[in-house]
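Line by line, the protein sequences are chains Z and R.
Following the numbering used here, the numbering of the first sequence begins with 1 at its first residue and continues without gaps.
Following the numbering used here, the numbering of the second sequence begins with 1 at its first residue and continues without gaps.
Check each hint, because a few of them may be wrong.
One copy or two, it doesn't matter: identical chains are merged, so the pair holds either way.
Stated by the list, open to error - Below 20 Å or equal to it, Euclidean Cα-Cα: the simulated SDA-like pairs (lysine to any residue) are:
1. 98 x 294
2. 165 x 288
3. 290 x 183
4. 215 x 250
5. 98 x 51
6. 290 x 193
7. 290 x 185
8. 287 x 185
9. 165 x 145
10. 215 x 236
11. 98 x 300
12. 98 x 120
Since the hints were made in silico from the structure, they are not lab data.
Protein chains: 2
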Amino acid sequence: MSRVENKSTETGSNMRRVFVADLGGTHLRSAVVDQAGTIHFHAKQHTPIAESAQDIVDALVAAERECERQNAAAGYSIDAISVVAPGTVNVAAGSIVKAPNLPFLSGFNLTGALSHALKLPAILENDANAAAVGEMWLGAARGLRTVVCVTLGTGVGGGIILDGKLWHGVNDSAAEVGHMCVDPFGGVACTCGSRGCLEVYASATAIVRMTREAKPRHPNSRLQIDNELTSESIYRAGVEGDELALEVFRRMGVYLGIGLANLINILNPEMIVIGGGVVNGWDLFEKHMKHEVAERAFPLLADQVTIVPAECGDDAGLLGAARLSFDSDLKN
Amino acid sequence: MSRVENKSTETGSNMRRVFVADLGGTHLRSAVVDQAGTIHFHAKQHTPIAESAQDIVDALVAAERECERQNAAAGYSIDAISVVAPGTVNVAAGSIVKAPNLPFLSGFNLTGALSHALKLPAILENDANAAAVGEMWLGAARGLRTVVCVTLGTGVGGGIILDGKLWHGVNDSAAEVGHMCVDPFGGVACTCGSRGCLEVYASATAIVRMTREAKPRHPNSRLQIDNELTSESIYRAGVEGDELALEVFRRMGVYLGIGLANLINILNPEMIVIGGGVVNGWDLFEKHMKHEVAERAFPLLADQVTIVPAECGDDAGLLGAARLSFDSDLKN
Numbered sequence: 001m002s003r004v005e006n007k008s009t010e011t012g013s014n015m016r017r018v019f020v021a022d023l024g025g026t027h028l029r030s031a032v033v034d035q036a037g038t039i040h041f042h043a044k045q046h047t048p049i050a051e052s053a054q055d056i057v058d059a060l061v062a063a064e065r066e067c068e069r070q071n072a073a074a075g076y077s078i079d080a081i082s083v084v085a086p087g088t089v090n091v092a093a094g095s096i097v098k099a100p101n102l103p104f105l106s107g108f109n110l111t112g113a114l115s116h117a118l119k120l121p122a123i124l125e126n127d128a129n130a131a132a133v134g135e136m137w138l139g140a141a142r143g144l145r146t147v148v149c150v151t152l153g154t155g156v157g158g159g160i161i162l163d164g165k166l167w168h169g170v171n172d173s174a175a176e177v178g179h180m181c182v183d184p185f186g187g188v189a190c191t192c193g194s195r196g197c198l199e200v201y202a203s204a205t206a207i208v209r210m211t212r213e214a215k216p217r218h219p220n221s222r223l224q225i226d227n228e229l230t231s232e233s234i235y236r237a238g239v240e241g242d243e244l245a246l247e248v249f250r251r252m253g254v255y256l257g258i259g260l261a262n263l264i265n266i267l268n269p270e271m272i273v274i275g276g277g278v279v280n281g282w283d284l285f286e287k288h289m290k291h292e293v294a295e296r297a298f299p300l301l302a303d304q305v306t307i308v309p310a311e312c313g314d315d316a317g318l319l320g321a322a323r324l325s326f327d328s329d330l331k332n
Numbered sequence: 001m002s003r004v005e006n007k008s009t010e011t012g013s014n015m016r017r018v019f020v021a022d023l024g025g026t027h028l029r030s031a032v033v034d035q036a037g038t039i040h041f042h043a044k045q046h047t048p049i050a051e052s053a054q055d056i057v058d059a060l061v062a063a064e065r066e067c068e069r070q071n072a073a074a075g076y077s078i079d080a081i082s083v084v085a086p087g088t089v090n091v092a093a094g095s096i097v098k099a100p101n102l103p104f105l106s107g108f109n110l111t112g113a114l115s116h117a118l119k120l121p122a123i124l125e126n127d128a129n130a131a132a133v134g135e136m137w138l139g140a141a142r143g144l145r146t147v148v149c150v151t152l153g154t155g156v157g158g159g160i161i162l163d164g165k166l167w168h169g170v171n172d173s174a175a176e177v178g179h180m181c182v183d184p185f186g187g188v189a190c191t192c193g194s195r196g197c198l199e200v201y202a203s204a205t206a207i208v209r210m211t212r213e214a215k216p217r218h219p220n221s222r223l224q225i226d227n228e229l230t231s232e233s234i235y236r237a238g239v240e241g242d243e244l245a246l247e248v249f250r251r252m253g254v255y256l257g258i259g260l261a262n263l264i265n266i267l268n269p270e271m272i273v274i275g276g277g278v279v280n281g282w283d284l285f286e287k288h289m290k291h292e293v294a295e296r297a298f299p300l301l302a303d304q305v306t307i308v309p310a311e312c313g314d315d316a317g318l319l320g321a322a323r324l325s326f327d328s329d330l331k332n
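Looking at chain Z on its own, in the form it has when it is part of the complex:
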């Protein structure tokens, strides 16, 4: 990320500004973003331990008012609200259909509540879709029009942009790339009810689980199987040559490559952007992922596509949220 908060290079008060929020299961991140993509007044808090949808609305309203106060002090106004959330959203209705990490929001019309409280137009988008838009606007896929973004976090999400438009599917539920099956027979059970989903091999959760499972075969590994084990600590061990960590990232790369080859053969994209926290392990899994893509994707399609790490980091969703507010052509 080359953009910094409160950057002094703004080009004047005629540039639109929107309030954006990325409502995650763990953190609620909020900011004001202008049409140049500069992020102002960035704030991060723990997602409230909520008992009702209203608790979340209250937190979002408070975050917006704080941003609006700072923004007004700088001489600007906010003209819209754009929120991204995990799970299934109904974009047209502005409601959350199902959010496993925020269950009290299921069925809730979030944009209606925010618009009512803040007297501003509001839109809602799935977080992985927004991250794809952010990467296309100001990240790894700048200037491209047909891009798949795969987000490797606690779970595995995705966003598909085809010829410049976010592909939502008929229920706003497309791009569930984490639930592509990459090992149909004997694969690990997934929370979705299927087994062998990409998510059970390529998420941060999966990396920790695979490490636990493989430890008995690598008794000399420096990795201790305890509650401190994270995909990040496993990655660091791998960088230092730990065989267990290397084996886990090799396996993760193979499964990811199988999934990406499917996406390439179905969608024929220009670029696949890999985001989310697990992409920090890129140098441990890249080779294995790309080997599998080369083996499995159609040569013509594999030659055309570039597979790269994301560039917007944790800001991809906020930037995508802003871009979706500025450019309604992105939606179809």
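Mind docking chain R on chain Z? Use the hints.
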């Protein structure tokens, strides 16, 4: 198909008519199609045993001239040519990039040669893409806008229509659904270089191969393993309760269901249409295919999608070719 050749219900000479051809590895089918979707002067011949692209051009030109003669005698004119072919095509250039069953056509600008010979505008499309358009126009997906068509023939092809437009991908090579991996580890080798592709379990070729392989486990099967064995004869044995045939269609249905669940989770379509000759075995594989989709696709998405057999039969490609000529909005 309810449409018949030389139907007497035409609505006048102001309706456009195009010459269409479906250039397969085995048969060359040709006709005139009008804007109501009525097929006239339908002809079917063996694809010439050609040594050069010119032999194919000559056969298409002769077929067009014969159609034109009959069409003129009926008082109509032809104003465009639309050809569909297997393999990878460059739609914008009107050339065939790679056609494994017609190797001398690789790299050949077919529309240029046809336009030059016949003095009419010509377009070219992949056959599975055209079949999807045909099914959306006048077949199982009439009135829908987001449809995936999976064609189970000698190989397995696909066509993806998103919000009313054929999705081509950045190299006109999207929808290679036959090469989605449905058994990554230990799967059967595919001609594409990968292994475990849907095509090696759900094509007519695969059904014959799986029957040969499983015969030793079913010595009492009435099926004889010889050169007469076809997916059609295996289907007929299954209808009469032959255990080997039932086992093969069960297995085919499971793999097909795994592939369809991936398409559903990625694209969230309204409908999946299954076409090609193997769809004749629908009543033997439907249950197994749908069971697998129910197990593996996201419930919200699986509830929404309808999976049905194609309705246009062998005419889907010809009808789609015509529709693509009449309606340039179908292309993106």
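Tell me, in ascending order, the numbers of any earlier hints that this structure violates.
Violated hints: 2 and 12; rest satisfied.
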